[in-house]
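K.L.:
Here's the letter readout for the chains.
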Amino acid sequence: MEVKILTEHYDKPEFQGLDGYKKHGGYETLAKALKLKPEEIKNQVKEAGLRGRGGAGFPTGVKWGFLPENGETRYLLCNADEGEPGTFKDRLMMERAPHQLIEGMLISAFAIHSPKSYIYIRGEYFESLRIVEKAIKEAYSAGLLGKNILGSGFSHDMDVYSGAGAYICGEETGMISSLEGKKGQPKLKPPFPAIEGYLGKPTIVNNVESLAAVKYIIRDGVQAYRKYGTEKSPGTKLFSVSGNVMKPGTYEVPLGYPLKDLIEVECGGLKPGRKLKAVIPGGSSAPVLTAEEAQRATMDYECLAQMGSMLGSGAVIVIDDSNCMVDLLHVIMHFYHHESCGQCTPCREGTGWLDKIVSGIHAGTGRLQDVQLIEQVSQHMMGRTICALSDAAAMPALSFVEKFREEFEFYVREGRSRVKEVVANA
Amino acid sequence: MPKCTVNGKQIEVKPGTSIIEAFKEAGENIAHYCWHPGLSVAGVCRLCMVEIEGNPRLQIACNTMVQEGMVVSNQSDKVKDAVRWGLDFHLINHPLDCPICDQAGECGLQEQYMEFGKYEPEMAERKVKKRKVVDLGPKVVLDSERCILCSRCVRFTDEVTKTRELGIFNRGDRSEIGTFKDRPLDNNYSLNTVDICPVGALTSRDFRFRQRVWYLKNKETICTGCSTGCNVKAYYNEDGLFRVKPVHNEDINGYWMCDEGRDIYKFANPEFRLKTARKGTQDHWDDINVVEAAKSVGSIVKTSVDTDGAGSVAVVLTGQHSNEEYDAILEWINGDLKVDQVYHWVNNPEKFDDFDGLLLRGDRNPNTKGLLERLDARKLNKTWQDFETKLKAGTVKVVIVVGPENPAVYSDMGEKVQLINGVDKVVWMSACPVGELNTMTGTTWQIPLKTFVEKPGTYVNFQGRAQTVKPVTFLVKQALSVVEAVQLMAGEASKVELVEPEHHPKKNYFVYSRGPL
Numbered sequence: 202m203e204v205k206i207l208t209e210h211y212d213k214p215e216f217q218g219l220d221g222y223k224k225h226g227g228y229e230t231l232a233k234a235l236k237l238k239p240e241e242i243k244n245q246v247k248e249a250g251l252r253g254r255g256g257a258g259f260p261t262g263v264k265w266g267f268l269p270e271n272g273e274t275r276y277l278l279c280n281a282d283e284g285e286p287g288t289f290k291d292r293l294m295m296e297r298a299p300h301q302l303i304e305g306m307l308i309s310a311f312a313i314h315s316p317k318s319y320i321y322i323r324g325e326y327f328e329s330l331r332i333v334e335k336a337i338k339e340a341y342s343a344g345l346l347g348k349n350i351l352g353s354g355f356s357h358d359m360d361v362y363s364g365a366g367a368y369i370c371g372e373e374t375g376m377i378s379s380l381e382g383k384k385g386q387p388k389l390k391p392p393f394p395a396i397e398g399y400l401g402k403p404t405i406v407n408n409v410e411s412l413a414a415v416k417y418i419i420r421d422g423v424q425a426y427r428k429y430g431t432e433k434s435p436g437t438k439l440f441s442v443s444g445n446v447m448k449p450g451t452y453e454v455p456l457g458y459p460l461k462d463l464i465e466v467e468c469g470g471l472k473p474g475r476k477l478k479a480v481i482p483g484g485s486s487a488p489v490l491t492a493e494e495a496q497r498a499t500m501d502y503e504c505l506a507q508m509g510s511m512l513g514s515g516a517v518i519v520i521d522d523s524n525c526m527v528d529l530l531h532v533i534m535h536f537y538h539h540e541s542c543g544q545c546t547p548c549r550e551g552t553g554w555l556d557k558i559v560s561g562i563h564a565g566t567g568r569l570q571d572v573q574l575i576e577q578v579s580q581h582m583m584g585r586t587i588c589a590l591s592d593a594a595a596m597p598a599l600s601f602v603e604k605f606r607e608e609f610e611f612y613v614r615e616g617r618s619r620v621k622e623v624v625a626n627a
Numbered sequence: 055m056p057k058c059t060v061n062g063k064q065i066e067v068k069p070g071t072s073i074i075e076a077f078k079e080a081g082e083n084i085a086h087y088c089w090h091p092g093l094s095v096a097g098v099c100r101l102c103m104v105e106i107e108g109n110p111r112l113q114i115a116c117n118t119m120v121q122e123g124m125v126v127s128n129q130s131d132k133v134k135d136a137v138r139w140g141l142d143f144h145l146i147n148h149p150l151d152c153p154i155c156d157q158a159g160e161c162g163l164q165e166q167y168m169e170f171g172k173y174e175p176e177m178a179e180r181k182v183k184k185r186k187v188v189d190l191g192p193k194v195v196l197d198s199e200r201c202i203l204c205s206r207c208v209r210f211t212d213e214v215t216k217t218r219e220l221g222i223f224n225r226g227d228r229s230e231i232g233t234f235k236d237r238p239l240d241n242n243y244s245l246n247t248v249d250i251c252p253v254g255a256l257t258s259r260d261f262r263f264r265q266r267v268w269y270l271k272n273k274e275t276i277c278t279g280c281s282t283g284c285n286v287k288a289y290y291n292e293d294g295l296f297r298v299k300p301v302h303n304e305d306i307n308g309y310w311m312c313d314e315g316r317d318i319y320k321f322a323n324p325e326f327r328l329k330t331a332r333k334g335t336q337d338h339w340d341d342i343n344v345v346e347a348a349k350s351v352g353s354i355v356k357t358s359v360d361t362d363g364a365g366s367v368a369v370v371l372t373g374q375h376s377n378e379e380y381d382a383i384l385e386w387i388n389g390d391l392k393v394d395q396v397y398h399w400v401n402n403p404e405k406f407d408d409f410d411g412l413l414l415r416g417d418r419n420p421n422t423k424g425l426l427e428r429l430d431a432r433k434l435n436k437t438w439q440d441f442e443t444k445l446k447a448g449t450v451k452v453v454i455v456v457g458p459e460n461p462a463v464y465s466d467m468g469e470k471v472q473l474i475n476g477v478d479k480v481v482w483m484s485a486c487p488v489g490e491l492n493t494m495t496g497t498t499w500q501i502p503l504k505t506f507v508e509k510p511g512t513y514v515n516f517q518g519r520a521q522t523v524k525p526v527t528f529l530v531k532q533a534l535s536v537v538e539a540v541q542l543m544a545g546e547a548s549k550v551e552l553v554e555p556e557h558h559p560k561k562n563y564f565v566y567s568r569g570p571l
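For the protein sequence lines, the chains are C and X, in the order given.
Numbering-wise, our numbering comes out as the position in the first sequence, counting from 1, plus 201.
Numbering-wise, our numbering comes out as the position in the second sequence, counting from 1, plus 54.
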């Protein structure tokens, strides 16, 4: 069932403004944190086992630990470029509780000795941008940003940067390139951003939800945080559920929560008369689960990895039996083809190729060998590029074909969708 | 020094060596397009895939450093499969226009495909069509459809020239190399982008469609365009030279050369050359045999010295010839005949010390340093002012000018010709005709000289580094090197043999090796 830790006051409109936020204990945790040593904060985040909520699930505290100890200027970059189709939980967090993010960022910045941070918001999020900018202004006016915050001697500046709307700017090095004023293209690693990031300086990139969670770890303590979730995936997680459910939306549940409960209980189940066909559990790039797998899945990093999928950013896309998988893959492939930055050859050419093959099938002009070709092309795109966009296109393609092969083969043989026909005749 | 094993060969490399460099050191073949030793690592072509023992995933060799004890291979089926598919990804939108592509015969894509290709194309969909014949600038033309977006050219303008004219525009398979509006690729190093383009996307406007590369031979020499002495390869056939391209020399030019230097092949070609010796005055000239001309010049000089003394003869030298040529003429003039009036003609003296920050220097002579060393050794330190004074005094009866090989960099040619106009006898040795000599009032001999590609020699660059080259080809039969000319003048005719220009009929070597169809 839903556990409201991060989203506790999201139903209160005043929580968006500074006064309302303060009324509910806002910035008290910052005051507490500023009295701690930065090392203590880092250790608590590490002990809490907070894993990055942007998609990769890398432990946040461990990431902070990669920063060099040489006193060089380091930057904190908040990844609010929520571009994965199906994901909209960061938007909710920014629009309902911008100060919660700012407070989390200030605590994190203090922990890593960062004097300057940026919130990189995707270009399409006009409203989020407006709200966050307003909140930053309020924080500056209240002395919560700028010099000598709350008399602690800690100074910090924060700025917002609006991207131009490229999916790949959500990848941390692509985001850094974009922030630097260059084309948003991922960079080779190593060097990792913690060593050489924004403007060549050590940079930590954390997701909106991860940064907001830092505040609650410091406020309630490690044990309180670990009370939720599993041993390896502690805490709660916001899931943005879309697709064929009665109540799509963003839900905060403990990690390890059963997927079927999320669909049935939180989202009110499927539309009447429909049967579950598949679920994409972590955004459009995650391998799809069949209905049977979805019944067994729990929403944590380990279980989904074991099932050959991933938690990703927590975008659950529910697919019922009225949907044609060729249709869906067609849309997904078109998206990744459009969004490939064009740097690495397997991605630049492979996403286009996949898009064309699937489009051919979708248009009724596919060849029988195309189904196998989708698999071959996908397999040779996986793990062959600088960033994970190539994998992001290949994984759904592979899993769709593997798990719903007969649907694709029917489409190729008959030149039409079996599912659409069944639905139309029902 | 980390030790590693590359395809079964144990080698030791310098710390910080990448795997791709280790492959090169081990003499092992590894596919790659975007990696270039003179540029930063982009890691985008994904062809240099290797398997590292203990690592489940394939890695790119260009961005992975060698670690102690590393065992690396690109021979496994897994790697070969990855490279084959990598090539297929490169080719799915690449036109198969090899027969008309300017790069055919020296195309990285062709070569890699022969070695690693999949040979069973599976792409049945329409290719992405991109632009053809795009003017990037005055010297470079882009055929965008052939571009494999290795980004070498973009990195070159970012990192080497720092002019940043090029960029990759758009995304995904719509990506294209291009320039910004009103900012064409127009720097003095722009043609290096053509050299480093692994396919036929970037072509030189000068070379484009002029020759199939398999009709050309090449030999290494040095660029005589300025005092840097860039190492180059000259490409030629029986029709003459067609282009020069840089050869890597870390101590002198790295991997690059300037566009201006690339033009040096032009003055060496027969159509611009002085093909026979000539004797005459003003507008009346007779062609004469070069051997006879040199011999008669030799006796005239000797007679003048014997009759009017060593002061009646003056020699003008430019910094465009080799040490051996300077040694020969100085030994005859100063050593044998005791003439000490030897003058150094310096072109564009006001720009002599200019430097563009990369390679090109204001001294547009390949061997100023070699000449000055030789003049110093013989204590021949007379100034140009002395020469002018002597000319005014009328004591100089014979002037020998070892004129510029490349007349294009001597803008003061007319001025200098006018200065010596009026002297009784003038001997002008040069590779190209000098039109200004048609105003001469005294008897004048023009002796055709060989160019830098037709003679052996040593040149000392601005750093004092001596570089010796061998002849590349012979283009004008009657041309002499200064050494040969001096031998004839000094009465050593038996040493000189005129060489016929090379004839090697155009062959389609592919047809030759395959036999007629």
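In case anyone wonders, no lab produced these hints; they're calculated from the structure.
Check the hints yourself; a few may be wrong.
[Stated by the list, open to error] Covered stretches of chain X (in silico footprint by chain C; criterion: 3 or more residues with CB under 8 Å from a CB of chain C, positions within the stretch not fixed):
1. 87-98
2. 108-117
3. 479-485
4. 505-511
5. 528-540
[Said to hold, decoys possible] With a straight-line Cα cutoff of 20 Å, these simulated EDC-like cross-link-like pairs (lysine to aspartate or glutamate) come out:
6. X:K349 / X:E122
7. C:K383 / X:E75
8. C:K390 / X:E378
9. X:K134 / C:E229
10. X:K172 / C:E576
11. C:K338 / C:E229
A virtual CB, placed ideally from N, CA and C, is assigned to each residue, including glycine.
K.L.:
Decide, hint by hint, whether the structure agrees.
P.N.:
Now the hints, each set against the structure:
1. Counting residues of the region 87-98 of chain X whose CB lies closer than 8 Å to any CB of chain C gives 4, which reaches the minimum of 3, so the coverage claim holds.
2. A count of 3 residues in the region 108-117 of chain X with a Cβ less than 8 Å from any Cβ of chain C is obtained; the coverage claim is therefore met, three being the minimum.
3. Check result for the region 479-485 of chain X against chain C: violated, 0 residues qualifying (beta carbon to beta carbon below 8 Å, three or more required).
4. By the rule of at least three residues with a Cβ nearer than 8 Å to a Cβ of chain C, the coverage given for the region 505-511 of chain X is violated, with 0 such residues.
5. For the region 528-540 of chain X, the stated coverage by chain C is not satisfied: 0 residues place a CB nearer than 8 Å to a CB of that chain, which falls below the threshold of 3.
6. Taking the CA atoms of K349 of chain X and E122 of chain X, the gap is near 69 Å; set against the 20 Å cutoff, the hint is violated.
7. At roughly 29 Å between alpha-carbon atoms, K383 of chain C and E75 of chain X are farther apart than 20 Å, so this suggested pair is violated.
8. Restraint check: the Cα-Cα separation between K390 of chain C and E378 of chain X comes to about 54 Å, which exceeds 20 Å; the hinted pair is violated.
9. Between the alpha carbons of K134 of chain X and E229 of chain C the distance comes to roughly 59 Å, so the proposed pair goes past 20 Å and is violated.
10. For the proposed pair K172 of chain X and E576 of chain C, the alpha carbon gap of about 17 Å is at most 20 Å, so the pair holds.
11. In summary, the hint linking K338 of chain C to E229 of chain C is supported, as the alpha carbons are separated by about 19 Å, within the 20 Å threshold.
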